[in-house]
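Enquirer: Start from the sequences and build out the full structure, keeping to the hints where you can.
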Amino acid sequence: MGTGTRQQTAESVRTPTRAAVRIAGLVKTYPASGRRRHGPGLNLLRGAPRTTDVPGAAGVRACDGVTLDVREGEIFGLLGPNGAGKSTVVRQLTGLMRPDSGTVEVLGHDLVRHPERAARILAYLGQESAALDELTVALAAETTGRLRGLDASAARRERDDVLDELGLTALAGRPLRKLSGGQRRLACVASALVGERPLLVLDEPTTGMDPVARRAVWSALERRRAERGATVVLVTHNVMEAETVLDRVAVLDRGRVIACDTPGGLKAMVGGDVRLDLVWRDRAPLDVPQVAALAAHATVSGRRWTLRLAPEEARAAVDAVTAGRAFAALDDFSLATPSLEDVYLALGGSGEGLVKV
Amino acid sequence: MSTVASAQAQAAQAGRNGTGERAQSGDEPKRGGPAAPAATADAADAATAAATVAPAPLAPRARLWPALAAVYRAQLSRARVARIPLLFVATFQSLGIMVLMRGVVDGGAESRAVVAGSAVLVVAFVALNLLAQYFGRLRAGGGLDHYATLPVPAAAVVLGAAGAYASFTVPGVLVTAVAGGVLYQLPLSGLWVLVAVVPLAGAALAGLGAALGLLAPKPEIATLCGQLGMSAALLLGVLPGGHLPQPVGLLRDLLPSTYGVEALARGFQTRPDWGHAALDLGVCAAVGVVSLALATWAYRRAAVR
Chain E
95 MGTGTRQQTA
105 ESVRTPTRAA
115 VRIAGLVKTY
125 PASGRRRHGP
135 GLNLLRGAPR
145 TTDVPGAAGV
155 RACDGVTLDV
165 REGEIFGLLG
175 PNGAGKSTVV
185 RQLTGLMRPD
195 SGTVEVLGHD
205 LVRHPERAAR
215 ILAYLGQESA
225 ALDELTVALA
235 AETTGRLRGL
245 DASAARRERD
255 DVLDELGLTA
265 LAGRPLRKLS
275 GGQRRLACVA
285 SALVGERPLL
295 VLDEPTTGMD
305 PVARRAVWSA
315 LERRRAERGA
325 TVVLVTHNVM
335 EAETVLDRVA
345 VLDRGRVIAC
355 DTPGGLKAMV
365 GGDVRLDLVW
375 RDRAPLDVPQ
385 VAALAAHATV
395 SGRRWTLRLA
405 PEEARAAVDA
415 VTAGRAFAAL
425 DDFSLATPSL
435 EDVYLALGGS
445 GEGLVKV
Chain G
3 MSTVASAQAQ
13 AAQAGRNGTG
23 ERAQSGDEPK
33 RGGPAAPAAT
43 ADAADAATAA
53 ATVAPAPLAP
63 RARLWPALAA
73 VYRAQLSRAR
83 VARIPLLFVA
93 TFQSLGIMVL
103 MRGVVDGGAE
113 SRAVVAGSAV
123 LVVAFVALNL
133 LAQYFGRLRA
143 GGGLDHYATL
153 PVPAAAVVLG
163 AAGAYASFTV
173 PGVLVTAVAG
183 GVLYQLPLSG
193 LWVLVAVVPL
203 AGAALAGLGA
213 ALGLLAPKPE
223 IATLCGQLGM
233 SAALLLGVLP
243 GGHLPQPVGL
253 LRDLLPSTYG
263 VEALARGFQT
273 RPDWGHAALD
283 LGVCAAVGVV
293 SLALATWAYR
303 RAAVR
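Chains as they are written, first to last, in the working numbering: chain E, 95 to 451; chain G, 3 to 307.
Read the hints as simulated data drawn from the structure, not as lab findings. Hints may be right or wrong, so weigh each one.
Covered stretches of chain E (chain G as the covering partner; in silico rule of three or more C-beta atoms under 8 Å from a C-beta of chain G) [to be verified]:
1. 188 to 197
2. 239 to 246
3. 341 to 347
4. 375 to 381
Residues of chain G clear of chain E, computed beta-carbon distances all greater than 12 Å [unchecked claim]:
5. L140
6. T272
7. D275
Quantities reported herein were computed from a predicted structural model and do not represent experimental measurements. All C-beta atoms, glycine included, are put in the ideal place defined by N, C-alpha and C.
Expert: Now the structure itself:
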């Protein structure tokens with residue numbers, strides 16, 4: 095983790111409940127050369143630190159001393175943009191990848207020493223659906239259940255329940271590859287949920303889904319937590335998902351956990367600042383002195399300015415831009431309390447690649 | 003932090019020395035009861051750490067045969083989606099070769115070799131070439147992760163897929179063999195030998211295809227290897243062995259499809275030599291066992307990085 099203050103914050107959320115997942119000092123470096131055996135694209139590991147300990151063999155450190163505790167029954171999120179190292183963490187958590195160093199313990203099982211136990215204690219939803227694409231939705235779910243050790247009748251029963259729960263019954267007979275991206279993702283979530291497991295590890299489960307499907311997934315996860323005490327580790331780069339669903343969030347940047355707390359706790363870290371977004375019709379009227387003063391603090395993206403200000407400064411700025419020539423040039427504005435994106439930026443993350451809706 | 007860290011270390015140590023060993027040996031303890039009441043935060047943290055040493059029970063593994071059947075069934079259903087390449091392309095190709103060769107060969111051993119070679123080519127196309135491509139794509143696209151995070155024996159995944167691909171060849175082999183027999187006026191009474199030729203040649207070639215797909219560093223290389231294997235089966239299968247130069251003949255002997263071709267060609271004789279056919283099929287079976295074992299090893303290697 096980063097600074098002492100952040101370390102303290104992460105520790106402060108450890109409470110005396112049983113830990114479902116304990117990850118300590120996890121390090122994973124991908125070789126920089128093309129000799130690497132199949133793994134997540136290095137081009138995605140944008141900005142990840144390069145290792146220099148072996149001359150001429152610098153690699154990309156996708157995971158740089160990650161330490162996390164996830165409590166039983168918790169919906170825990172890993173938040174960060176593409177290339178932050180989220181998927182690398184979950185691939186090590188699920189036994190798909192061996193860490194260079196560090197420990198991974200799930201419900202008392204050491205998965206670095208016994209990676210084969212992962213399949214018997216957790217369900218994993220990866221980002222790819224290649225193995226299921228040519229199966230029908232129903233057969234994908236049923237087969238996954240069978241391969242998770244269910245007998246035929248139990249697999250069929252759970253298949254029907256999960257398809258019904260996620261609103262997929264009407265699509266049950268259609269092959270995944272003929273579905274839209276969101277529907278296909280939902281079918282993959284259904285497969286992940288067939289066959290009860292105490293830990294669900296889901297890598298960007300709601301990517302491409304419409305709001306209805308997204309809510310169905312969140313409800314299904316919440317139901318498993320409430321009724322069966324399941325623990326969920328969920329990778330996301332969607333800020334709204336993180337704020338809505340997660341009990342706690344670890345914010346990752348360049349292979350490091352830069353903060354770990356509840357969404358509310360993380361937002362409190364950026365204090366009372368608010369975010370002011372200004373969208374100009376054509377260009378900003380910089381000849382207005384108050385607007386020119388704001389320009390120095392704004393993050394400019396085309397016609398959009400984003401400012402993070404103390405509430406009283408924000409009030410003054412709103413007064414300034416909603417009067418006279420500034421208002422005539424203004425297309426739209428919004429004032430919002432801090433989001434996890436603001437937290438991410440305040441902690442030094444790049445912010446690019448985070449999805450806000 | 004120090005308390006937590008030390009408690010965690012103790013818990014980890016206890017896990018290594020105590021209950022962790024029991025779980026490893028198969029005597030899996032039930033999940034521990036509620037954590038002991040703790041009067042202070044430190045004591046509670048210690049209790050948390052202690053609670054983690056009782057490993058949660060592991061779900062049972064999927065057993066080999068039910069898992070194999072589930073994979074086989076799922077793979078077989080893919081014919082609904084990908085039926086054109088899986089079922090028809092190989093058959094059309096073999097029928098085309100037989101029509102082309104009709105004016106070239108005079109009958110007898112050459113005719114039998116062409117028809118048997120064309121029929122087994124269907125197996126080589128689907129079980130070797132398409133299966134190599136399938137596993138190559140699956141590996142490159144991260145699809146193996148799905149199976150690798152399920153408690154399923156590696157052999158079930160490989161054998162299920164190989165069996166399904168071998169099954170895809172059945173209609174094509176039958177059509178090719180019957181059409182070839184009629185076209186070249188060969189006796190069809192020995193065609194029952196296909197009951198053994200298809201599964202045994204299918205096992206040998208599907209095992210090789212799966213191994214190629216899983217071992218190739220890139221899917222393009224898997225495709226290339228599959229194509230080369232199929233081309234070898236085509237060139238070396240449809241020509242009688244006696245007409246080939248010695249080095250090419252040796253290469254032909256190394257190709258597992260050759261023995262399937264030989265067995266089927268004997269079936270087209272007026273008085274088939276079933277003893278030699280059985281020997282040929284025995285070689286197919288032995289190669290099948292070895293190649294499927296190789297594919298299973300390759301799957302394990304590819305599944306965990």
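Enquirer: In ascending order, which of the hints set out earlier in this document are inconsistent with the structure?
Expert: Failing hints, ascending: 3, 4, 5.
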